[in-house]
Each structure stands twice: as structure tokens, then as C-alpha cells.
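Enquirer: In order, the protein sequences belong to chains Z and P.
Position in the first sequence counted from 1, then plus 776, gives you the numbering used here.
Position in the second sequence counted from 1, then plus 172, gives you the numbering used here.
Quick caveat, the hints were computed from the structure, so don't treat them as lab data.
One thing to keep in mind: the hints can contain errors.
As the list claims (entries may be wrong) - Selected chain P positions facing chain Z (in silico; Cβ < 8 Å): (1) Ala204; (2) Thr217; (3) Gly218; (4) Ile221; (5) Ser315; (6) Met318; (7) Asn347; (8) Thr379; (9) Lys380; (10) Ser474; (11) Arg503; (12) Thr504; (13) Tyr505; (14) Ile511; (15) Gln545.
For each residue, glycine too, the CB sits at the ideal point set by N, CA and C.
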Amino acid sequence: MIYFFTYLIYFYASALTVLYLTLIVLSYYNTSKYRYRYSKKEEDYLKKFPDEAPGISIVAPAFNEEVIIVDSVHSLLNLDYPKFEVIIVNDGSKDETLALLIDSFELEEVPYYYVYKVNCKPVKRILRSKNPAYSQLVVVDKVNGYTKADAMNAGVNVAQYHYFINTDVDCILAKDTLTKIILPVLDSEQQVIAVGATMRMVNGCTIENGRITRAKPPNAWIPLFQETEYLRSYLVAKMGWSMLNAIPNVSGGFGLFDTSVVISTGGFDSGSHAEDMDMTVRMVAYMRENNKPYRIVQCPYTCCWTEGPPNLKVLNRQRTRWGRGLLQFMIDHRRLLFNKDYGRLGLLVMPYILIFEFLAPIIEFTGLIVMGYLLFTHQINFDTFWMMLLYAYLIGFTVSVITVSCDLILGKLYKNFSEYLKLVLFSAFEAILYHPLIVIFTLRGYIQYLTRSDFKWGKMTRKGFSQTNQENTVSHVEKI
Amino acid sequence: MYYDYYLYYLSSLYNGYPLIIRVTVVMVMLFALIAFFGICRLFFTGYKINIAARRKDSVIKEYRDKLHFIMNAETNYDVHELEELLAYNFKTNKPWKFELCTDLILEVRDALEAKKTLNLINYKNCLETLKLMTFWEKRLRTSELMVRKNALQTVGLLNNGLNTGLISKSVFHKNKHLRKAARNVHTDLDSYNPFRFMEDNFDESFTKLDKIRLHATLVKRYNEGRLPNLLRWINSSKNSNYISFIIQEVGFFGQYEASPDLLAMLDKQENKDVRIQLIHTLGTLAYGPAVEHLKQRYELESTPVREAIVISMGTMKGDDALQFLLKTYERTYDDSLKIMIARSIKKHGSMGEENLLMLQNKANESEKIIIRQVFAEQLIKA
């Protein structure tokens, strides 16, 4: 049994190696192509001919976000794009979020015939600004729905444009985000149903008036590890999958979606713990079922900055929720697995999620236990043990080095080169210090889901964009 | 060196081990090499970025003020005078210097154009003095596709004419991105037969981004002189995206004489998207005779086409259109469409507003909100 398991682990690691090497090659090719295809010249066309630019609705739910809400909305309203609206969904906040919005942006209730195109908790009122300077701002005040998905649906119902951005108020978008993210939509012969982009950690950056004035890697070790993890996921994995039109997930932190397709699929599922992955897969399934050609594209540029977990407690909460979401997702969409009717979704994306995302923590944890047992019973051949360990370690480290290199090729965001080296240096310790925690937290999420224990999600300690000392605890409580 | 020695040592160390172990040794070496080259590449990229930033700073420092002065001057300078004024050192000419000078000259030109103080003669003489056109024309012949595409776009932006013989290979290249860029530049800069590709479906691959690029080109051509009747370009086309684009441009450039043909096309056209665009363009052109026709079509059409009809009725205006909208409003059960109709009614000026108020008086509570919303929208935009 042990003999069989050691071989299983070995071949699993080798399959992962082959997969990552393939993704690296695909992603490198895709990123280079992307860089040349969409230059500043393309972006300038949209600015010179604003009437030709497709409109984009930015939907950002807010629940007890009084610390950051004003800066966040200012930041969103100052984006450099000719045609967009900002929809803030106040999801029944119990703090001063709504009052601050009303005061800062001179909001008043307007008559609005609210059409429930997708399901959400009742909307109390729609507020718009008396000040023409904020005419792009729409605030939806609704009854708390306990989930981001419910709040997103409320925003989607109001969105007037053909595309919308799914983001959070704690995210800071780069000024040229909308131009960057719409270009692949405009340049595709097939309908682009969703576009993802690279996200990074805002911890450590200098922010003034809701805008990043100096990008820096985080100082705390957890967000720093997460930064490399994010970059690997966006720049290598998703850019690679994008070449095959098989992106498994457009992130819930930032992503552009086709409004009509989201409405046709019934909107975000408020019962889902992984509403982003669930939405992506349901959109693809919808397109396949209706024989409509589609594309999901990944933009390599950093368009969104988000606050990473500042401590172990928050990391635990975040990853436990992701773990629950993943298990729930696998159960909910099991019919798609190896289903040839869904093309590459059924035969490539779902098996990948099952084998390399869902099973990974189980296999890794079992591997650790087996290794401990073998060490204890002196069954380990140390001549080859170190080689195997080095092999497993180098897979992760090499991918991280290439990722940081790709990121630098796309443009130098950090002022000092040493800050990139810091990412590389920390990635060398990721397998030892960070990854085991992720495995444990994810498994905890699986167990929580299976035991249906009472849980909360989304508690996040906000420090505010303006770097004040004021702190605010946000809890987006969900119970099933 | 001692590579061989270490290689033999390593192979002897694992000689006799199972295949899996030996494969792992190879994989570890491979990964170690990739990681090493990755780190080297990181340093190299960092070095290149720093060098590029320094070069850019030096070019800006040396030429920005001079170029601004020359291109802003009322006096026309010839090439010899400009050589002296710019004091450009041709001995240190490198491709990066041409690229940076091009970016700089375009930046200065755009800024002066916005202020309407650009001296076009001096701008063109600057291009000649710095030999920028020669550089980019040479790049048009390079075998690297992306470099060639970039050169095509730059030549288009420089807007200083082009011998289109230089792009004769690119306009039929198998790479669609290069081919489309070349065809766009041909339409933009050719003086003999600029609309050659427009008459021929432009390109089999035609995206929304191509629409925007071609729109920019057509606007430029329109500002230089009159455009031909655009409708003749779609006679031979079967690409619905291209047909829709041309119909949209007919409306944009106000080619009112094309209206009867557009109306005739509406009966024959089977593609829904093209029909929608035809209706929108008829609305933009405010073609009165289309109202009766659209009224008849309304009942038979799908929702997206109906929406187009409702929007067009708002731009066409007139009593017929208003009466139609009022009747349709009362018969419609679709809330989204009702809001659209109310907006179109409102576009009929004071007459439309009076009718909306009448509708509001006899409406139920939820419909009253629709009408109040439409009135409020105008206040928000103001």
C-alpha cells in the first residue's frame, strides 16, 4: 500500500510538472502575443473616439465598509475610460457606509422602476447624485442578502451597459483598467463572455486619494507569499489556459462579464461559496448548451489591487471558505465532469479542477502523514529522499521565478529592482512556510462543508486606503 | 571546464537505481537550470528596463523643448536650418533613438494640435531631418511580423504619406492582424485607390476593434474631403459585421441620400443584427417615410429588433411615430421595453412630455414609477 502510494505521489508530482511546463510555454507565448497586439496605440483609439467605446458598468457590493467607501468610490469614478457607470450596492450595511455615501456624493433617492432580471433580496431604493460631477454613480440600497452573490445580482439588475465588472469596494483599480480589459473583447471574432486580469496585493503600496502612487510588494509575510501565489495563478496558469480557451475561473475580485449572458444563466448563485468559479462554469455550460461560440480571455496586466490577509487568522478564514467553495462546486457541477457534451469544460477544465485543485490538498496531506510514518519506521532511503524532496520543491520555485520574470517583462510596477528579488527570495520559502498552511486550511474547509458546521465568512480587518489608524471589522456572515 | 567530470560523477552516483530515480535526477537538473536562467533573465530584463528608462529621459531632455519650439513656431524652417536647430547627432543613431524620437515628436504634435498651434510644414520637415520616415519605411520590410505591424501603425500615426508599394506584401499576408493593419494604413494613406479594400469586404476577419480603427480612418478621410456613397461597399459583402459597420457609418456621416436604399434593404435582410443596425441608421438619418414601414414590421420582429424600432421612433420624431409609441406603450407587458418606449416618447419634446404626463395620470403605481424615472433621468444627465 505504502509502495503504491509513494508511486502515486511521484506520478502526481510529475503530471503536475508536465502541466505547469505546458502552461509556462503557453503563457509565455500568449503574454508576448498580447503585449504586441494591444499596444498604447489601440488604447488611444478608444480615447479619441469615445462614442465607439462600449459602455461598462462597474458593480461593487459594500457591506459595512465605512472606512474605505468614500476613497474607493472616488477611485472608481476617476477611471480613465469614456463610457462607464459605477454601481455601489449597499448590502444592508449596519454602519455609516450609506450615510457617508449620501453626504460625500450628494445623493438623493430617485424614482426607479427596478426590474428583477436575476433574483436578489428586495431593493429599498436607488440613489443618484445631485452633483453632475458624480452623474456616473448609482447606489443601490438593498436588504442584506448575506452573500456577495446576492448583492452582485442587485447591481447587475441595474447595470445599463452590455458588460459589467465584478469587483469589491476594497479593490483599487488601475486608472487604465477599463481600456485594458475591453480590448480583447473588441478584438475577438467570437463572443467574449468574460475577461480576467492580474490582481496583486495592495498591502505595502502607498495610496493617495484612492489611487496607488507607489507600488511595493507587501511587507508582511502572508500577503507577500500570496502576491507570488496570485501572480503564478494569473500570469502562468490563467494566461496558459486562456490559449486553450479553458480558463477555469474568472476571479470574484475583478473580472469583466457579458451582462446578457450572466442574466441568461440566472445571475450569481447566492448559495454558492465560490460564486466566481460557479458563475464562470455556468456561463460556459450555457454557451455550450445553446451552441454559441464563446471565448474567456485573460489580460496579463495588473488591473486590480486588493488587500491580502494580514495575519494567519484571516488567511485561515479565507482559505477555509475557498475550500468549502471548491467542494461545493465539485458536488454541484459533478454532471459536467468527463461529459463530452461540454467539450473542453467537461474533458479538460473539470478534470483539472478535480485532480489538481480539489484533490491536491488531500494528496499532499496524506503524503505528509505517510512520510512521517516512513521516517518513524526507518523505511526511508535517504540517498534518494533528498532528490525527491528537491524535485517537489523546485517545481514550485521554478514556476515562481518564471512568473516574476514574466511580470517584469510586462512592465516595471515596482520602483526598485530589489523589490522583484524580494518576491523571488520569499518564493524560495513558500513551500516550507506558506504552502503547508494552505493545505491545512483548505482541508478544514472540506471538513466544514461535509460536517455542515456553522460558519462565518469574509471577516476582514480593513485599514482603509488613506492609511489611517482607524480599523473596521467587516463581517459578511453566511449560514447554510 | 569540469562539466564532464560532474556529469559522470552524478550518473555514477545514481547508476543502478530504478529508472524513476534517474528520471528525477534529470528533472531536478532541468528545473535547476530553468530556475537559474529565470533568475538571469530577471536580472537582464531589469537591466534592459533601466537602460530604456535612461535613454528615454536623455532623448526627452535633449529634444522635447527644441521640437516644441520648432513645431509651434510661425516661421517655417527648412531641413538645413532644422539640422542646426536640433543639433541631432547622426553618428550615434540607433533604432531605439528613432523609436524614442518618433514617440516624442508624436507627443509634441498631438499637444500642439490640441492647442491648434501646430506648424505642419515644420512638423514634416522635422520628420525629414530626423530621417524618421526612412527608418519606419525600412521597418515595413522587416520579416518580424509584430515589428512590421508596429511600423505600420506608426506610419499611420505619423500621417506623412506613404508609398503603398511598401506594404503590398503585408496587405495580403496570412497573419490577419498584420494584414488588417496594412489594409487600414492603405485606406488611410493611399492617394490612388484608397478604398480598394473597403469595396472588397475589407477583410474576412472583421472585429469591433477593426470597426473603431476604420472609423478613425474614415473620419480623417471625411475631414480631408467628401467620402463616396458608403453603401456601395457592401454590395459584394457577406460579412454581417462589416455590413453593419458600413450602415452605421452611413448614419454617422449623414449620407441622407442612402435612406431609401436602406429602407429597401430592410425587407431583404435576413440577418437580425444587420436589421437592427439598419433601423438605428434610419433613425439617425430621421428618415420620415420609414415610420410607416417600421410600424408594420414591429409586430413580426423579435425583442432586440423591436427595441431598435422603439429607439429609432424616438429619434425620427413626428406625430406618426409618437402615436405609434403611445399605442405600443399601452399594449406592452415587458417592463424593460416599457421604460425604453417612455424614453422615446420623452424625446418628442414638449408634446412627448405632455403625453407622458397623461399616461402617468392613468397609470397604476408601478407604471407611474417608470414615467417618473424617465423624467428624473434627464435631470441626472443635466
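Enquirer: Would you mind marking each hint as holding or not holding in the structure?
Expert: Verification of the hints:
At its closest, the beta carbon of alanine 204 of chain P sits 6 Å from a beta carbon of chain Z; the interface hint therefore holds under the 8 Å criterion. About 5 Å separates the beta-carbon of threonine 217 of chain P from the nearest beta-carbon of chain Z, less than 8 Å, and the hint is met. With a least beta-carbon distance of about 4 Å to chain Z, the hint placing glycine 218 of chain P at the interface is held under the 8 Å criterion. Nearest Cβ of chain Z to the Cβ of isoleucine 221 of chain P: about 5 Å, under the 8 Å cut. The hint holds.
Interface restraint check for serine 315 of chain P: the shortest CB-CB distance to chain Z comes to about 15 Å, outside 8 Å, so the restraint is violated. At its closest, the beta carbon of methionine 318 of chain P sits 4 Å from a beta carbon of chain Z; the interface hint therefore holds under the 8 Å criterion. At a threshold of 8 Å, the smallest CB-CB gap from asparagine 347 of chain P to chain Z is about 11 Å, leaving the interface hint violated. Given the 8 Å rule on beta carbons, the hint for threonine 379 of chain P holds: about 5 Å separates it from the nearest Cβ of chain Z.
At about 4 Å, the closest approach between the beta carbon of lysine 380 of chain P and any beta carbon in chain Z falls short of 8 Å, and the interface hint on this residue holds. Violation of the interface hint for serine 474 of chain P is found here, the shortest Cβ-Cβ separation to chain Z being roughly 14 Å, above the 8 Å cut-off. Below 8 Å, beta-carbon pairs count as interface contacts, and arginine 503 of chain P has none with chain Z, the closest being about 18 Å; its hint is therefore violated. With 8 Å as the threshold, the beta carbon of threonine 504 of chain P stays out of range of chain Z, its nearest partner Cβ sitting at about 13 Å, so the hint is violated.
This hint is violated: tyrosine 505 of chain P has a C-beta 12 Å from the nearest C-beta of chain Z, more than the 8 Å allowed. Against a cut-off of 8 Å between C-beta atoms, the interface hint on isoleucine 511 of chain P holds, since the closest Cβ of chain Z lies about 6 Å away. Hint status for glutamine 545 of chain P relative to chain Z: holds, with the closest Cβ pair at about 5 Å, below 8 Å.
Violated hints for the displayed structure, listed by number in ascending order: 5, 7, 10, 11, 12, 13.
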